[in-house]
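Trainee: Sequence:
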Amino acid sequence: MIEKRDFYINGAWVAPKVARDYQVIDPASEEPCAVISLGDQADTDAAVAAAKAALPGWKAADPAVRIAAVERIAEVYARRSEEMAQAMSLEMGAPIDLARRNQWGAGAYHIANFITAAKAFPWVHPLGDGTPGAMIAHEAVGVVGLITPWNWPMNQVTLKVIPAILAGCTMVLKPSEESPLSSLLFAEILDEAGLPPGVFNLVNGDGMGVGSQLSTHPDIEMISFTGSTRAGRAISKAAAETLKRVTLELGGKGANLVFADADDEAVARGVKHCFQNSGQSCNAPTRMLVERPAYDRAVEIARKTAEATRVASPREEGGHIGPVVNKSQFEKIQGLIEQGIAEGAKLVAGGPGRPENLNRGFYVRPTVFADCDPSMTIMNEEIFGPVLSIMPFDSEDQAIEVANATPYGLTNYVQSSDGARRNRLARALRSGMVEMNGADRGAGAPFGGVGASGRAREGGRWGIEEFCDVKSISGWAE
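Residue numbers for the sequence shown follow full-length UniProt numbering, beginning at 1 and rising by one.
Worth flagging that the hints you see were computed from the coordinates, not collected in a lab. Errors might be hidden in some of the hints.
What the hints assert, rightly or not - Dumping the calculated DSS-like pairs for lysine-lysine here, alpha-carbon to alpha-carbon at most 25 Å:
id, residue 1, residue 2
1, K17, K4
2, K346, K332
3, K119, K59
4, K52, K327
5, K304, K272
6, K52, K237
7, K327, K59
8, K52, K17
9, K272, K346
10, K237, K327
11, K272, K327
12, K304, K237
13, K4, K327
14, K119, K346
Claimed, not checked - FRET-style restraints, in silico, Cβ to Cβ:
id, residue 1, residue 2, range
15, W13, K471, 31 to 39 Å
16, E30, D263, 12 to 20 Å
17, T377, T131, 21 to 29 Å
18, S29, A137, 48 to 56 Å
Glycine included, every Cβ here is placed at the ideal spot set by N, Cα and C.
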């Protein structure tokens, strides 16, 4: 068992003021794999004080200095890639190949894109309206609180920590208590890269403790949160008293619109995307809407794809899926599968219980429902597991109506060979992102949604802007 109890405050590892042990559970074995301590108010206050003391110097540092620091972080992050992959595989059950390629790789990808964006970022620039001496400056918001989830640990940590560093902010990170090991390693990486003391601080804790303390702390100017919509609402209310900026990246219930003229791999691609990371992605395409002439074939392809999806230990190499993160998540998913059956959806593949070869661990059978109705719970609630719901549609307008009939609005998907149709749908679908025909978002493109998915825009130039205040200056000397 790994035991690492300290917090990272003001450039040093610091023992907690009051030790409250928390066992991190390995979801593959259901056994403890590490012990951490949860911070209390004194620990949060110490971390915020360190960040506040470091702010003037870091905010005033030349952007080139901050970029150079992130370049050093990138070097160390690359060198310690295997340690990072192993940590994420252990703490949240990512299969080791996925952890090496996607989980670790997401962090490397974002760091590189932020460096590119920062080098071209207009920190101080003319207003551009022909007014002499009118300038716009982007300046650090100040001390920021960063609260990250367990499902894509380094993806979310780098999407917050790196742009905050580049913008000149100082910060306190509270990673999820379900997946703290990778963030503790990330603190080691920043320390090894020589980030000045106080710029980055880490305090482990839960949402009710350190999360709430950060959200209400008078010396924190901004909260950046990724997690559930319920928690996002609570953070917004808590932060309102001190008039903090709050950026939220929350849940999703993405629709994947598959037209009869879609490419031959469209359905299988959508199923695999839904099941990636054991379905634990806020942008997963969990609702597949299929044009009626292609519907029966799509259901059959989905069935075969689900049945071919192997579920196995995260310690094994290969292209399988692993467990979900914990017992409560496992039980929630099982309950929603049972509810789908009870509400009349046709179970095509998978179903309740663990896969036959696994009797321990939080493993879920890859599940496909067909003949779903928009009113069904599985078509409306974010399941966060390897569960796909399929229904037919008869017209483009109907598909848009069903896709948009959700409070969420993170990512929607379109599969069609008709370019004009894709362009229409890209504008008609209510979401922060639309991905079509399997094309990835561009490097540095913003990640974020609308409605109950929050309105953060993380990544590239937009990610840096989130941590900046915009200052209008007149009378600037030419």
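Trainee: Take the hints in turn and mark each one as holding or not.
Mentor: For each hint, the structure was consulted:
1. K17 - K4: holds (15 Å)
2. K346 - K332: Answer holds: K346 to K332 is near 20 Å, not above 25 Å.
3. K119 - K59: holds (17 Å)
4. K52 - K327: At roughly 38 Å apart (the allowed maximum being 25 Å), K327 and K52 break the hint.
5. K304 - K272: holds (11 Å)
6. K52 - K237: holds (23 Å)
7. K327 - K59: Judged against 25 Å, a Cα distance of about 43 Å means the pair is violated.
8. K52 - K17: Roughly 20 Å between the alpha carbons, so the hint for K52 and K17 holds.
9. K272 - K346: holds (20 Å)
10. K237 - K327: violated (29 Å)
11. K272 - K327: This hinted pair holds, its Cα atoms lying about 24 Å apart.
12. K304 - K237: violated (46 Å)
13. K4 - K327: Cα-Cα ~23 Å, so holds.
14. K119 - K346: Not OK: K119 and K346 at ~53 Å, beyond 25 Å, violated.
15. W13 - K471: 31 to 39 Å: holds (37 Å)
16. E30 - D263: 12 to 20 Å: violated (41 Å)
17. T377 - T131: 21 to 29 Å: violated (56 Å)
18. S29 - A137: 48 to 56 Å: holds (53 Å)
When the structure is compared with the earlier hints, violations turn up for hints 4, 7, 10, 12, 14, 16, 17 and for no others.
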